[in-house]
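Asker: Chain by chain, the residues run as shown.
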Amino acid sequence: MYIIIIGGGKVGFYLAKALLNEGHEILVIERDAIRTEFINNELGSVCIRGDGSEVTTLTEVGTGRANMFIAVTGDDDDNLVACQIAKHKFNVPRTIARISNPKNETIFKKLGIDVTVSSTNIILEDIEEEVPTHPLTHLLDIREKGLEVVEVKIPPKSPTIGKKVKELSLPQGSILTLIIRQQGKPKVPTADTVLQAEDQIIAVTTPETEETLRNMLRGI
Amino acid sequence: MNIVIMGCGRVGARLAGLLDIEGHSVTILDTDTYSFHRLPPEFAGTALAGDGMDEEALKKANVEKADAFIAVTDIDNHNIMAAQIAKHIFNVPKVVCRIYDPLRRELFSSLGIEALTPTTTFAQMLKDKIEGAEE
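Chains as they are written, first to last, in the numbering used here: chain A, 1 to 220; chain B, 1 to 135.
FYI, nobody ran anything at the bench for these hints, they're computed from the structure. Since the structure is predicted, the reported quantities are computational estimates derived from the model, not experimental observations. The beta-carbon is built from N, C-alpha and C at its ideal position, and this holds for glycine as well. Just so you know, not all the hints are guaranteed correct.
[Unchecked claim] Coverage of chain A stretches by chain B, computed from C-beta distances (three or more under 8 Å per stretch; other residues unrestricted):
no.	region
1	48-56
2	107-114
3	169-179
Using the sequences and the hints, build the whole thing.
Answerer: Here you go:
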């Protein structure tokens with residue numbers, strides 16, 4: 001595959017390195033001359049100096065035959081514009097933009113970017129997983145269906161302890177799919193399963209009802 | 001009309017002054033509050049510190065009720081992104097921005113973003129001046 005990467009910062013550099021190892025044809029466009037030289041010294045001649053949202057630069061590097069276009073500069077607007085030019089001027093089949101402001105995710109989708117990667121969200125999710133007291137952790141987003149898989153830990157003093165699943169007033173669209181007990185044995189909950197303290201529950205929910213589910217299981 | 005302007009540089013500040021005198025309700029946004037010193041002393045509109053590419057800042061500027069949005073920061077991509085948010089997310093009826101790069105202007109015009117390119121207009125004006133002097 002021919003993959004163009006915009007931005008030769010740390011993300012761009014290591015991404016290029018990894019994709020080169022997988023045998024892809026890679027081209028990095030970087031604004032800074034010194035950084036461009038560094039990348040070319042490290043990875044061979046894969047980087048040219050230029051502005052990734054300039055049509056002339058993108059024409060020079062043959063964006064028209066690129067299979068994938070990935071914009072990973074630190075500026076959301078630069079990533080958006082570069083991807084839009086790649087998509088609409090050069091018909092690149094797949095455009096991926098890195099975003100720093102998580103709120104931009106929906107905006108970018110609406111403006112036609114195929115995939116967005118929010119570095120802030122990824123870091124946040126990793127931190128959430130490492131904080132044991134956090135009652136709700138994101139595991140997976142099923143974006144096109146508007147669903148997400150979350151992990152909920154029942155806090156020691158939650159009023160839901162001792163209740164049966166059918167007695168819980170779960171928000172619309174939320175389903176408890178799996179319970180992991182202290183012993184580490186996974187169990188598919190039925191309507192009569194009784195919740196215990198420290199239960200880890202894997203649930204499917206929607207972004208809108210996530211908050212309600214969290215509050216209900218914490219007993220707020 | 002309710003008008004929101006992003007970027008309080010020379011052009012933004014001057015435009016805000018002109019529209020304000022004509023009785024429009026003007027809100028001007030800039031990330032650097034120092035730039036508000038460019039506004040005329042009699043300016044009666046609102047000057048807000050904020051980034052026009054940020055949804056929250058735009059909401060604070062009441063862009064949801066705006067009749068027009070104008071993006072005139074000196075960075076093309078800032079203007080393009082803000083203009084698209086105003087048009088496609090907040091459905092502002094009239095959106096205009098400045099894009100210095102003529103090729104970028106061409107592409108985004110085809111995507112429905114109304115933009116002006118001072119580069120081409122000004123180069124043409126300079127050329128006319130020189131050629132006029134020759135005669």
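Asker: Which numbered hints turn out to be false for this structure?
Answerer: 3
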